[in-house]
Amino acid sequence: MRTHLPSRKVIAVLTAALLATGMAACGNSDTGGSASGDDGTITLGFSQVGAESGWRTANTTSIKEAATGAGIDLKFDDAQQKQENQIKAIRNFIQQKVDVIAFSPVVESGWDTVLKEAKDAKIPVILTDRSVDSADKSLYKTFLGSDFVKEGRLAGEWLVEQKKAASGPVNIVELQGTTGSAPANDRKKGFAEAIAANPNLKIIASQSGDFTRAGGKQVMEQFLKANPKIDVLFAHNDDMGLGALEAITAAGKVPGKDITIITVDAVKDGMQALADGKFNFIAECSPLLGPQLMDLVKKVHNGEEVPARIETQETTFTQEQAKEALPNRKY
Numbered sequence: 004m005r006t007h008l009p010s011r012k013v014i015a016v017l018t019a020a021l022l023a024t025g026m027a028a029c030g031n032s033d034t035g036g037s038a039s040g041d042d043g044t045i046t047l048g049f050s051q052v053g054a055e056s057g058w059r060t061a062n063t064t065s066i067k068e069a070a071t072g073a074g075i076d077l078k079f080d081d082a083q084q085k086q087e088n089q090i091k092a093i094r095n096f097i098q099q100k101v102d103v104i105a106f107s108p109v110v111e112s113g114w115d116t117v118l119k120e121a122k123d124a125k126i127p128v129i130l131t132d133r134s135v136d137s138a139d140k141s142l143y144k145t146f147l148g149s150d151f152v153k154e155g156r157l158a159g160e161w162l163v164e165q166k167k168a169a170s171g172p173v174n175i176v177e178l179q180g181t182t183g184s185a186p187a188n189d190r191k192k193g194f195a196e197a198i199a200a201n202p203n204l205k206i207i208a209s210q211s212g213d214f215t216r217a218g219g220k221q222v223m224e225q226f227l228k229a230n231p232k233i234d235v236l237f238a239h240n241d242d243m244g245l246g247a248l249e250a251i252t253a254a255g256k257v258p259g260k261d262i263t264i265i266t267v268d269a270v271k272d273g274m275q276a277l278a279d280g281k282f283n284f285i286a287e288c289s290p291l292l293g294p295q296l297m298d299l300v301k302k303v304h305n306g307e308e309v310p311a312r313i314e315t316q317e318t319t320f321t322q323e324q325a326k327e328a329l330p331n332r333k334y
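Oh and the sequence shown: position 32 is 35 in our numbering, straight run, nothing missing.
Hints were generated in silico from the structure; no laboratory data involved.
With a straight-line cut-off of 25 Å between C-alpha atoms, the simulated SDA-like cross-links for lysine to any residue are:
#  : residue 1 : residue 2
1  : LYS166    : SER209
2  : LYS220    : ILE206
3  : LYS78     : ILE90
4  : LYS191    : ALA168
5  : LYS228    : GLY255
6  : LYS333    : PHE79
7  : LYS78     : ALA124
8  : LYS140    : GLN86
9  : LYS67     : LYS333
10 : LYS192    : LEU227
11 : LYS100    : ALA73
12 : LYS191    : PRO231
13 : LYS232    : GLY280
14 : LYS232    : ALA254
15 : LYS271    : LEU291
16 : LYS122    : ARG94
Computed from a predicted structure; not experimentally measured.
Just need the whole structure built from these sequences, with the hints factored in.
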C-alpha cells in the first residue's frame, strides 16, 4: 500500500505556523513595560540594610506585613550591610521598572549616581530609617524615620542628670554603629553635645561594633582590657549593649551597677535587660515603619505632595517603665 506524503507546500505552511506559535510563546515570557500588574497593583522595590539586629528583623517584618496588607507587590532585597549590594539592587529595580523604590541606606554617602538613575527613569524614591547626605534633595521624595541626633541627646541628657553630683571624672566608652551610617554619626553627635554640659563626663574610648551583638561583645572586651576604670557604656543600639553584657560579666563586673549602660532602640531583649537592671536607660527607636511606608508609597505613586521629612514618635525608658511596657511589646 502506498502512503501519500504531504507536499512541500503543506510542510512549509505547517512549519511557519509552528515557528509563529513558538515565537509567541517565547514572547510571553518577557512582559516588558512596567512591573505593575495589569490590575493596577503598585510594585515597590525595597532594599534592606541586612539582618544585623533584632531591630532590623522587626523592621523587615513590619514592611513585609504592611505591604501584604496594603495590596502592594513587594520586591525585597537584603543588602547584607554592603553598599555595593544596595546599589546593585536599586539598579535591578530600575531595570524591572518598579513603580516606587524605597531603601534604608547602609551608609550616608555615595548615592547620587544611582539615585539620579532612578530619577531619570521617573521612579520616585523614599528613604526609610536612614538618610543620605546628598545635596540634591530632588533625588528622593521623602525621608521616613527617627531623629537620631535627638536619641543620642536624650541618652546624654539622662546621663548628665544621673551624674550631676559627680566630683571626679566619669569614664565613658562608646559602642558606635556601622561606620558612616546615619544613626552612628547622629547618635554620637547628639550624645557628645549633651554630655558637654558636664566637664566630668569623658568619652575615653569609642569604636564601631557594627550594630551586632558579636561586635558589641568583641569591642567591649577590648575596652575592658585597655581601660581598668569604666563607669558608663553608651551603645548605639540594644544588640551591641547585649553583646557587651557578656563581656562585662565575664570580666567579673556587674552590668547596670559597676557600669551604667545606656542604649538605643528598645527592642524586647533590650527592654528585658533594662527591666532586669542590667541596662539603666534606653532611648526608643521604633522599627514599625511598614504601615507609614505603604501609605507614602501610594501617595508618591499617585503624584501627591508629601512632607520632605516624616519623623516617628518615640519615647525613652527607665527600669520601671520597661517593666510596664514589656507585656505589650510587639518587637
